[in-house]
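*Asks:* Sequence:
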Amino acid sequence: MRLFEKISAIESFPALYLEDLNMIAIADLHLGYETISSEHGVFVPRVQLEKSLHVMRGIINKRKADRIIIVGDLKHEFSKTSYHEYKEVSSFLDFLSVHFKEIIIVRGNHDTFIQRIARKYNALVCDEFAEENYLLLHGHKDVDIRKKEQSTIILAHEHPSIALFTEVGVKEKLNCFLYGHTHGKNIVVLPAFSYFAEGSDINLIPKEELLSPLLRKIDVDNLKALGIVENDRFLEFPSVGNLRRLYE
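The numbering of the sequence shown is the working numbering, which starts it at 44 and goes up by one.
Hints may be right or wrong, so weigh each one.
[As the list claims (entries may be wrong)] The following label-pair restraints were derived from C-beta to C-beta distances:
id	residue 1	residue 2	range
1	K250	K130	37 to 43 Å
2	G101	P249	21 to 27 Å
3	K250	A173	25 to 31 Å
4	G101	N265	29 to 35 Å
5	S51	P249	17 to 23 Å
6	K184	Y164	33 to 39 Å
7	E273	F47	20 to 26 Å
8	K130	G212	38 to 44 Å
9	S134	E175	30 to 36 Å
10	Y290	S133	17 to 23 Å
Derived by calculation from the structure, the hints in this document are not laboratory data.
C-beta: ideal position from N, C-alpha, C; glycine also.
Just need the whole structure built from these sequences, with the hints factored in.
*Replies:* As structure tokens, this is what we get:
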């Protein structure tokens, strides 16, 4: 589905295609999450790597591209790279290296020590990636987008989701893209790729409590939401502001 001219969400996956750059963009994989959880006494089945590879195969079947960019948080652990995390990240990058001519990793707040792994696959690691009129950054740092020369800003970090309630009050969540025009820029917020990622209920959380300092500075309520029904379809929603008013 087209979000802007030459920018499309790849249905029905948490991935973006940038036609001008012949590039697929994904974010927030948090590989190694299960191992870190078990170290803290919470057992989580180790399924995320295989799930991530399965989703990537679906994306590639839908859309071919020469390049892929991971917009932060490829890995999960902050302070170190464990053996299992190293293996999972290596396996994922090995898969990407077969299917893409170029791999770019934008460093997120979880991506400590990522350079050591990325080097094996000739992957470019950077704090932000700018090309033509596009700027891709993770979104965990305080950035004034009005001072950026690029017209399109793509970020992640927030793990946006929409909270929906049934008639009996049961809450359901849909991971989503956020997109729209604000502060003179086209904005796209990528959904989390991770199978285990907890989403930020973008229509319930007050603006000042959002994870991304960048999003706290812009008119988030003016952005539209595109929900993902995995392996099925996208659901178009009105603006975040209108979604908020549904549950006031």
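*Asks:* Where does the structure disagree with the numbered hints, that is, which hint numbers, in rising order?
*Replies:* 2, 5, 6, 10
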